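Visitor: Listed below are the residues making up each chain.
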Amino acid sequence: MATRPEFDVVGKDLWRVDGRQLATGKPAFTDDYPQQGMLVGKVLGSPHAHARIKSINTSAAKALPGVHAVLTYEDVPKAKGPIGRRADLFNRVPYTRAGQDYPEPSPWDFFLLDDKMRYVGDRVAAVAAETEEIAKEALKLIKVEYEVLPAVYTPEDALAEGAPVIHDEPDVLNVKDPQRNVCAGVDVTLGDLEKAYSESDEILEGHYYSQRVQHGQLELHVAISYMDEDDRLVVICSTQVPFHVRRQLSTALGLPVGKIRVIKPRVGGGFGGKQEMVLEDICAALTVASHRPVRLEMDRYEDLTAARSRHPMRFKIKTGVKKDGKLTAIDMRALVDAGAYGSHSPTVPTNTGNKNLPRYKCDNVHYEFNAVYTNLPIAGAMRGYGTPQGAFALECHMDDVAESVGMDPLEFRLKNTVRPGDKDYLSPHIYEIKGISDTTGEGWPIDTCGLEDCINQGAEAIGWHEKRKAYAEHNATNPVIRKGVGMVCLSQGSGVAGIDTANATVKLNEDGSVNLLIGAADIGTGGDTVIAQIVAEVLGTDLDNVMVIATDTDVVPFDSGAYASSTTYVSGNAALKAAEEVKASILKVAADMSGEPADQLNLKKHHVVADSGEPVLVEGQPLTLKEVAMKAMYGHDYKEQIEHTAHFVSPVSPPPFAAQFADIEVDTETGVINVIEFVSAVDAGTIINPELAAGQVDGAVSMGLGQALIEEMLFDENGYAMNKGLIDYKLFKAVGMPKLQTIFVETYEPSGPFGVKAVAEIPVNGPAPAVANALKHAISVRVHELPLSPERVLRALGKM
Amino acid sequence: MSNTFELKMNVNGRDQIFDVHPHDRLSDVLRREGYFGVKVGCYTGDCGTCTVLFNNEPIVCCMMLAGQAQGASVLTIEGLSQGPKLHPIQEAFLDVGAVQCGFCIPGMMLSAKALIDENPDPTEDDAREALSANLCRCTGYERPVKAILNAAKQMKEGK
Ligand code: FES
Ligand code: FES
Chain A
459 MATRPEFDVV GKDLWRVDGR QLATGKPAFT DDYPQQGMLV GKVLGSPHAH
509 ARIKSINTSA AKALPGVHAV LTYEDVPKAK GPIGRRADLF NRVPYTRAGQ
559 DYPEPSPWDF FLLDDKMRYV GDRVAAVAAE TEEIAKEALK LIKVEYEVLP
609 AVYTPEDALA EGAPVIHDEP DVLNVKDPQR NVCAGVDVTL GDLEKAYSES
659 DEILEGHYYS QRVQHGQLEL HVAISYMDED DRLVVICSTQ VPFHVRRQLS
709 TALGLPVGKI RVIKPRVGGG FGGKQEMVLE DICAALTVAS HRPVRLEMDR
759 YEDLTAARSR HPMRFKIKTG VKKDGKLTAI DMRALVDAGA YGSHSPTVPT
809 NTGNKNLPRY KCDNVHYEFN AVYTNLPIAG AMRGYGTPQG AFALECHMDD
859 VAESVGMDPL EFRLKNTVRP GDKDYLSPHI YEIKGISDTT GEGWPIDTCG
909 LEDCINQGAE AIGWHEKRKA YAEHNATNPV IRKGVGMVCL SQGSGVAGID
959 TANATVKLNE DGSVNLLIGA ADIGTGGDTV IAQIVAEVLG TDLDNVMVIA
1009 TDTDVVPFDS GAYASSTTYV SGNAALKAAE EVKASILKVA ADMSGEPADQ
1059 LNLKKHHVVA DSGEPVLVEG QPLTLKEVAM KAMYGHDYKE QIEHTAHFVS
1109 PVSPPPFAAQ FADIEVDTET GVINVIEFVS AVDAGTIINP ELAAGQVDGA
1159 VSMGLGQALI EEMLFDENGY AMNKGLIDYK LFKAVGMPKL QTIFVETYEP
1209 SGPFGVKAVA EIPVNGPAPA VANALKHAIS VRVHELPLSP ERVLRALGKM
Chain B
3 MSNTFELKMN VNGRDQIFDV HPHDRLSDVL RREGYFGVKV GCYTGDCGTC
53 TVLFNNEPIV CCMMLAGQAQ GASVLTIEGL SQGPKLHPIQ EAFLDVGAVQ
103 CGFCIPGMML SAKALIDENP DPTEDDAREA LSANLCRCTG YERPVKAILN
153 AAKQMKEGK
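These protein sequence lines map, in sequence, to chains A and B. Take any residue in the first sequence, count from 1 to its spot, add 458: that is its number in my numbering. Take any residue in the second sequence, count from 1 to its spot, add 2: that is its number in my numbering.
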């Protein structure tokens, strides 16, 4: 395994590059842009879960003074004649709003405006008006007559014989089986499961349910659009995927990509919910229709119901195991609620399998999912991207499998999980690009894996062995307050192999500072900072000397965006390459100036140094980066700004690994679980900025604990959300959070920039199963469904 | 759009007069007047991103009609530090990586200031209690709490 060299900037706790602006409240977010002459956009949501518009009358709304545009499906007709003639302002075309590389694997099952409503809150109409009050009044004046259709609210009902067909329109693309409401699915078998079961000592079956939870980012979905002085459409928006938004706007509005500019300012949290064109298309359509700047912001209720959520999933798992704890076969099946449109529905449940199963060594594996349309709000990308649901099911199950052969859950995992040199056997078979980098046919290589150390160091930190024993003794006395400690193992990826693409431009100014232009979208994670640290390290300069520009599609080079834990690994690699090319150009000039061969020079602490680290002298003075930069820019033989653009796409997605541990108390009279301490031991490769990385873990753990204990979207029998805002969709507060401890088990991933893998998603996967396993330790009963509410705990105890 | 009235208040140490509508909330007025550090994450009093100090008390200003601020003095994040030198609370937050997306941060820092002004020696529980009206989805509160304790120490020693 490669070892880690010494660094000057990488691995240091430096302030975020955007820290000052954020800490002083500078106008840095979408909604902080000046709003002179800006109209307010509003969307009329469907009052029915499934309906067809019989008639719609907008004349009263249009006549209201102050209203500048009202749009309905009637404004988005099928194209008559050749496309491009623009007989109509807009034409009906199917597209997806899932922010993925072209061609998106998600079904193209959405239309700018449609006459069919598929969930409560679906787009009926949109208005732009001079004030919020007028816009709301205009919505009320739109008269709609609906033909109400029967609706389905569970995948089971949606699959039933005779169920209403949610996407019966003929012009959808890439839907697996629209007539059966099946949006996407996968079915893979490796090895021979029946034979393996017959040779097993124990066979265990389990069922699990992971609920619908929300991103809960504090900045609401918001966009501002306007036509600039050259009549180009500009959209400023809170997004994770500015380049995908630009391309999808082009499809939705029928405008050339070159006529669209998308700007991403600071983003107040995304967590996957903004890996999606949630409202940019309709906001921009209102600008196109009204010729005015428009601001469209969802309110918190719309954010909960008409944006995206995590896919609810129901699992069945059947596992064979030998007496000595060796796994012989795993069969995992997921039934996935896609909601009304299939955003990310082929890929999220793909991840559910391939980011979970392969960390367990097993020769006979079956993974299957069906993602099914229902008349509920749309599920989509969310931090972990399908992995948390699968981790809940599989990690609960593995605890029970360990118990079935009388093994400690930790020993069982040490025995069965992967080590460096093992293979990810599943991904090549269900991945978007099949067979990528699977040269041997055995699977994707796992070169760096610190999982064993994560398990051992985490166990030490939580006091696993002592507490397993002490708590069991405590609980045996039948006290009201029971105690438990539980653990899980986790894996994720670093970007999407073969797909995620990043470009970076680095240009040198005459004072030795550099501009770093990246298309990567920092959504609060610190991505801009760690990429700048990588560049500063290469160029032997300070972080302050790297000015980051991100992201304006007119200015910066293409990047797939912020998702799949890709920013540091993929975008960081592009920046590393660009910085290395800039460094080579700098050293060429330095060689001319000093007479030393370029290949024996280096950059360190703003100076040109020899390989030995000794300063390089020119006219008796140490040669500085600034002097070289000045020479390159103004010296007669050069007169060029040193500037390089590099791109990166990875053939692999090296998995980070983690082990997480929960120490809990549960009150057997009230059913309330209190998490006392939570430990995360994470192998994310090299850590570029430890405080920022640990902050990612803290935040992910609090989000995961929300999923474990308190968060759930609920709907009534008409498909209306019962959670109306943050008052009844609760997030964790400062009071109530357990003590958090994070340990980084550093490995050095040779394919990552300075040994990096990824950190942002993996820690969200473990809290729910870790707490569930601790609960099992405490009360000796498995609770199979999330959240682990007092009611479920009491039911499990037979007290309800 | 007529019937506006004059709202006199002191913002960040400066006496100001604003034209406001009767239905304007204090958050509307402050943002309209350029205090963009006042964030709005819900508009229903549940998230705390619009926290300002109102006569030295932390309040969520999306829940207050602007008219109720007649004669009051308000501190927003823009008034926490003057010039390039940051307030110790701001420095402490940046030192420990307590700022992530930053959307909740102005509100958190103002809650922190109110706490430390009142109690220069807060415990961890005090710090958590002081943040109880400020939601943060990014940090899990671990680092903000640490930052508040560090800042309090720093401010005490600085005196
Ligand atoms: S915006 Fe005021 S509390 Fe959320
Ligand atoms: S830092 Fe993002 S919500 Fe707190």
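Source of the hints: derived by calculation from the structure; they are not laboratory data. Source: prediction; values computed, not measured. The beta carbon of each residue, even a glycine, is placed where N, CA and C say it ideally should be. Do not rely on the hints blindly, as some may be mistaken.
Facing chain B, from chain A, some residues (calculated, C-beta under 7 angstroms) [said to hold, decoys possible]:
(1) GLY477
(2) LEU480
(3) GLU677
(4) MET685
(5) GLU1149
(6) LEU1150
(7) GLY1153
(8) ASP1186
(9) LEU1189
(10) LYS1191
(11) LEU1198
(12) GLN1199
Reference listing, derived: stretches of chain A covered by chain B, where coverage requires no fewer than 3 residues with Cβ under 8 angstroms from a Cβ of chain B [unchecked claim]:
(13) 465-474
(14) 712-726
(15) 1159-1168
(16) 1238-1245
Subject to a maximum C-alpha distance of 35 angstroms in a straight line, what follows is the list of computed DSBU-like cross-link-like pairs (lysine-lysine) [what the hints assert, rightly or not]:
(17) LYS10(B) / LYS1063(A)
(18) LYS148(B) / LYS925(A)
(19) LYS536(A) / LYS512(A)
(20) LYS148(B) / LYS1257(A)
Visitor: State for each hint whether it applies.
Guide: Structure-based check of each hint:
1. GLY477: holds (5 angstroms)
2. LEU480: The hint holds - LEU480(A) has a Cβ within 7 angstroms of chain B, the shortest such distance being about 3 angstroms.
3. GLU677: holds (5 angstroms)
4. MET685: Result: violated, 24 angstroms to nearest chain B Cβ.
5. GLU1149: holds (3 angstroms)
6. LEU1150: It holds, given that the least Cβ distance between LEU1150(A) and chain B is near 5 angstroms, below 7 angstroms.
7. GLY1153: holds (5 angstroms)
8. ASP1186: Where the cut-off is 7 angstroms and the nearest Cβ of chain B is about 9 angstroms from ASP1186(A), the hint is violated.
9. LEU1189: holds (5 angstroms)
10. LYS1191: LYS1191(A) check passes; min Cβ-Cβ to chain B is 6 angstroms, inside 7 angstroms.
11. LEU1198: With a closest approach of 5 angstroms, the LEU1198(A) hint holds.
12. GLN1199: At about 9 angstroms, which exceeds the 7 angstroms cut-off, the nearest Cβ of chain B leaves the hint on GLN1199(A) violated.
13. 465-474: Check passed, 3 qualifying residues.
14. 712-726: holds (count 3)
15. 1159-1168: holds (count 3)
16. 1238-1245: With 0 residues close enough to chain B, the hint is violated.
17. LYS10(B) / LYS1063(A): Since the Cα atoms of LYS10(B) and LYS1063(A) sit roughly 53 angstroms apart, the hinted pair is violated (cutoff 35 angstroms).
18. LYS148(B) / LYS925(A): The given pair, whose Cα atoms are some 28 angstroms apart, holds under the 35 angstroms limit.
19. LYS536(A) / LYS512(A): holds (18 angstroms)
20. LYS148(B) / LYS1257(A): violated (40 angstroms)
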